[in-house]
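Chemist: Protein chains in written order, with the numbering used here: chain Y, 1 to 283; chain E, 1 to 256.
Calculated from the structure, these hints are not laboratory results. The reader is advised that the hints may include incorrect statements.
A few chain E positions that, by computed beta-carbon distances, are all more than 12 Å from chain Y [as the list claims (entries may be wrong)]:
{"hint": "1", "residue": "67"}
{"hint": "2", "residue": "144"}
{"hint": "3", "residue": "163"}
{"hint": "4", "residue": "177"}
{"hint": "5", "residue": "234"}
{"hint": "6", "residue": "246"}
{"hint": "7", "residue": "253"}
{"hint": "8", "residue": "256"}
Taking beta-carbon pairs under 8 Å as the criterion, some of the chain E residues facing chain Y (in silico) [stated by the list, open to error]:
{"hint": "9", "residue": "7"}
{"hint": "10", "residue": "8"}
{"hint": "11", "residue": "11"}
{"hint": "12", "residue": "14"}
{"hint": "13", "residue": "34"}
{"hint": "14", "residue": "48"}
{"hint": "15", "residue": "70"}
{"hint": "16", "residue": "71"}
{"hint": "17", "residue": "72"}
{"hint": "18", "residue": "157"}
In silico EDC-like links for lysine to aspartate or glutamate, alpha-carbon gap of 20 Å or less [unchecked claim]:
{"hint": "19", "chain 1": "Y", "residue 1": "52", "chain 2": "E", "residue 2": "78"}
{"hint": "20", "chain 1": "Y", "residue 1": "52", "chain 2": "Y", "residue 2": "90"}
{"hint": "21", "chain 1": "Y", "residue 1": "151", "chain 2": "Y", "residue 2": "118"}
{"hint": "22", "chain 1": "Y", "residue 1": "151", "chain 2": "E", "residue 2": "34"}
{"hint": "23", "chain 1": "Y", "residue 1": "52", "chain 2": "E", "residue 2": "198"}
{"hint": "24", "chain 1": "Y", "residue 1": "151", "chain 2": "E", "residue 2": "26"}
{"hint": "25", "chain 1": "Y", "residue 1": "52", "chain 2": "Y", "residue 2": "75"}
{"hint": "26", "chain 1": "Y", "residue 1": "151", "chain 2": "E", "residue 2": "12"}
{"hint": "27", "chain 1": "Y", "residue 1": "151", "chain 2": "Y", "residue 2": "200"}
{"hint": "28", "chain 1": "Y", "residue 1": "52", "chain 2": "Y", "residue 2": "30"}
{"hint": "29", "chain 1": "Y", "residue 1": "151", "chain 2": "E", "residue 2": "5"}
{"hint": "30", "chain 1": "Y", "residue 1": "151", "chain 2": "E", "residue 2": "196"}
All C-beta atoms in this analysis are idealised placements derived from N, C-alpha and C, irrespective of residue type, glycine included.
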Amino acid sequence: MTSTRLDLGHGIGLRTTHFAQFLAERPPVDWVEAVSENFMAPGGRPIAVLEKVRREVPVVLHGVSLAIGSVGPLDERYLASLAALVERIEPALISDHLCWGTHRGQYLHDLLPLPYTEEALAHVASRVAQVQERLGRRLLLENPSAYVAFKDSTLTEWEFLAELSRRTGCGILLDVNNVYVSARNFGFDPLEYLRGIPAEAVGYFHLAGHQDRGTYLFDSHDHAVPAPVWALYREALRRFGRVPTLVEWDDAIPPLSEVVAESRRAAAIEAEELSAPARRLAS
Amino acid sequence: MTLAETQALFCEAITGAAPLAADRLEACFAGTPELPAAARVAIYADMYRYRLIDALRVSFPELVRYLGDETFAALAEDYLARHPSEHHDVGQVGRHLPAFLRQHPDPERPDLADLAELEWTRQEVFFAPPAAPIGPEALAGLDAGGFARTGLRISPALQVLVQPLAAAPLWRRLEDGEPPDPPAPGPAAVAVWRTDFEVFHTSLPLDEAAALGAARAGASLADICAAFGEREEPAAAAHRALSGWLAEGWVVGTGR
Chain Y
1 MTSTRLDLGH GIGLRTTHFA QFLAERPPVD WVEAVSENFM APGGRPIAVL
51 EKVRREVPVV LHGVSLAIGS VGPLDERYLA SLAALVERIE PALISDHLCW
101 GTHRGQYLHD LLPLPYTEEA LAHVASRVAQ VQERLGRRLL LENPSAYVAF
151 KDSTLTEWEF LAELSRRTGC GILLDVNNVY VSARNFGFDP LEYLRGIPAE
201 AVGYFHLAGH QDRGTYLFDS HDHAVPAPVW ALYREALRRF GRVPTLVEWD
251 DAIPPLSEVV AESRRAAAIE AEELSAPARR LAS
Chain E
1 MTLAETQALF CEAITGAAPL AADRLEACFA GTPELPAAAR VAIYADMYRY
51 RLIDALRVSF PELVRYLGDE TFAALAEDYL ARHPSEHHDV GQVGRHLPAF
101 LRQHPDPERP DLADLAELEW TRQEVFFAPP AAPIGPEALA GLDAGGFART
151 GLRISPALQV LVQPLAAAPL WRRLEDGEPP DPPAPGPAAV AVWRTDFEVF
201 HTSLPLDEAA ALGAARAGAS LADICAAFGE REEPAAAAHR ALSGWLAEGW
251 VVGTGR
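Construct the entire structure; sequences and hints are all you get.
Modeler: What follows is the structure, given as structure tokens:
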């Protein structure tokens, strides 16, 4: 299952606190990302708002509960809810996370890291194939931010993702903030990470803020994109070219205008970076 | 370790009541001198508790107001130990809390289970499927025989609770920031419904609650109206109730 990269432009996460303002003002964003689980209920305000927004701009569905790496069976109830939402919204892309999060039927409601082993790779690859067949769509998986690694790991995260994409055709949602957070928490070179990701697999980028908690960085999504993440975003643009980019803000959510301003800043940086080679050639 | 063994250990480490022994964690997880394996795993254990207790706070705001943050968090920990999440939507984690409170009642406030049930029902109604209400004209065209035989389709965004103790007065006092009165006697019925995207509830007479229950079960209008048979003027009471249901948008169709 392959796919050419969509040219979606610059988007923001659609959050409950911004529903009314988003509909009233129709802010200058090219697309929105909706957390799938928040819109799966058959009625109520969230799905009604999402349907209205969908008439205005493309929507990407971004899940947090697929648990693609869990050893138990995939949750058919979840897949059915996701399939129904996909049919209702017709999203431009469908994504979730490279993680696990269920154990013996229990949901842990977290994006837990996997050991990067051949066993885990084979397991996740078979599950990605199942999900892509069930949905009839390509799945994109996001690199998680992590605080713990496993002694049994034999592959780096970027090697794991690259091979997973090669085996299944799944896309990669490259979260630039998560690369930075994990690089700091584990001491690897984020540029080596970027170099290890196959460009053709990258479907879109995430940008977000994090907290420095002294001995580690915490992926908090509670403030503006910090300078080191903007710097890594520039590197990612040089490596991957024009990629749809999404600003996430999930806690201590500011006014809509502030989130939109972050997205416009990403667009400006992209324009600057992508025009840089031409400028250099001209001079 | 296999993937299954790794996940079982990780799950035990983040959901268990006490931290696991450091040597068990260090056999699986890599740490650094600045941040040992146990401290790294503890980040996930903290997040697990925070996220689920926060989801319960969102579902039961008045219960939080009554108990206070600390007592509510202790209740939530006890509850989650018995009822871990089994649904992909974290917002569903509180579905067993009303029953849990009935099994473990607060001796001073046995109506907290009823309060939790009311709050949970308000949340369920908020996300119920939409349905367009009908007006009185839908019944006006029926002759007397047709009126008696037809049934009513009740909105999926309406639920009727019959509770051992009345939660609605306690909910109102807490919502208004007033000190709660002693538990109100029961049984008591309350209707919870959504209009557009706003949720409402109101106390109901028990016979009207029974009539709504009969309507939802597919009874004829004759049988629905019979629920008011104990009133002094049954026909007038049934007429008032039916008019109210139609005015509030609780009826979404006729027929059986």
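Chemist: Next step is simple, just say for each hint if it's right about the structure.
Modeler: Results of checking the hints against the structure:
1. Against chain Y, the non-interface label of residue 67(E) holds: every CB pair exceeds 12 Å, the least being about 23 Å.
2. Look at residue 144(E): its CB is around 36 Å from the nearest CB on chain Y, clear of 12 Å, so calling it non-interface holds up.
3. In this structure residue 163(E) is separated from chain Y by more than 12 Å, as the shortest Cβ-Cβ distance comes to about 24 Å.
4. Every C-beta of chain Y lies more than 12 Å from that of residue 177(E), the closest at about 23 Å, which supports listing it as non-interface.
5. The claim that residue 234(E) is not at the interface with chain Y holds, since no C-beta of that chain comes within 12 Å of its own (minimum 35 Å).
6. No Cβ of chain Y comes within 12 Å of the Cβ of residue 246(E); the nearest lies about 20 Å off, and the non-interface call holds.
7. The Cβ of residue 253(E) sits about 16 Å from the closest Cβ of chain Y, beyond the 12 Å cut-off, so the non-interface label holds.
8. At roughly 24 Å, the least C-beta separation between residue 256(E) and chain Y is larger than 12 Å, which holds for a residue marked as non-interface.
9. Against a cut-off of 8 Å between C-beta atoms, the interface hint on residue 7(E) holds, since the closest Cβ of chain Y lies about 6 Å away.
10. Interface restraint check: residue 8(E) against chain Y, minimum CB-CB distance 7 Å, threshold 8 Å, status holds.
11. A cut of 8 Å between beta carbons decides the hint on residue 11(E): the least distance to chain Y is about 4 Å, and the hint holds.
12. Checking residue 14(E) against chain Y by beta carbon gives a least distance of about 7 Å; that is within 8 Å, so the hint holds.
13. Hint status for residue 34(E): holds, given a least beta-carbon distance of 5 Å to chain Y, under 8 Å.
14. The interface hint given for residue 48(E) is met, as the beta carbon of that residue sits about 6 Å from the closest beta carbon of chain Y, less than 8 Å.
15. Using the Cβ-Cβ criterion of 8 Å, the hint placing residue 70(E) at the interface with chain Y is not satisfied: the shortest such distance is roughly 22 Å.
16. A distance limit of 8 Å between C-beta atoms decides the matter here; for residue 71(E) the minimum to chain Y is near 23 Å, and the interface restraint is violated.
17. Residue-level restraint check for residue 72(E) is violated (minimum Cβ-Cβ distance to chain Y is 19 Å; threshold 8 Å).
18. Checking residue 157(E) against chain Y: minimum C-beta separation of about 7 Å stays under 8 Å; hint holds.
19. Straight-line distance between C-alpha atoms of residue 52(Y) and residue 78(E) comes to about 41 Å, which puts the hinted pair past the 20 Å bound.
20. The hinted pair formed by residue 52(Y) and residue 90(Y) meets the criterion: a straight-line CA distance of about 13 Å does not exceed 20 Å.
21. Between residue 151(Y) and residue 118(Y) the alpha-carbon distance is near 14 Å, which keeps this suggested pair within the 20 Å criterion.
22. As the CA atoms of residue 151(Y) and residue 34(E) are separated by approximately 17 Å, the hinted pair is consistent with the 20 Å bound.
23. Between residue 52(Y) and residue 198(E) the alpha-carbon distance is near 18 Å, which keeps this suggested pair within the 20 Å criterion.
24. At most 20 Å may separate the alpha-carbon atoms for a hinted pair to count; residue 151(Y) and residue 26(E) meet this at roughly 9 Å.
25. Restraint check for residue 52(Y) and residue 75(Y): not satisfied, since their Cα atoms lie roughly 29 Å apart, outside the 20 Å limit.
26. Restraint check for residue 151(Y) and residue 12(E): the C-alpha separation of about 18 Å stays at or below 20 Å, so the hint holds.
27. Annotation: proposed proximity of residue 151(Y) to residue 200(Y) is violated, straight-line Cα distance about 31 Å (limit 20 Å).
28. Pair hint residue 52(Y) plus residue 30(Y) holds up; C-alpha atoms about 15 Å apart against a cutoff of 20 Å.
29. Distance check on the hinted pair: residue 151(Y) and residue 5(E) sit about 13 Å apart at the alpha-carbon level, within 20 Å; holds.
30. Taking the CA atoms of residue 151(Y) and residue 196(E), the gap is near 53 Å; set against the 20 Å cutoff, the hint is violated.
Consistency note: the structure conflicts with the earlier hints numbered 15, 16, 17, 19, 25, 27 and 30.
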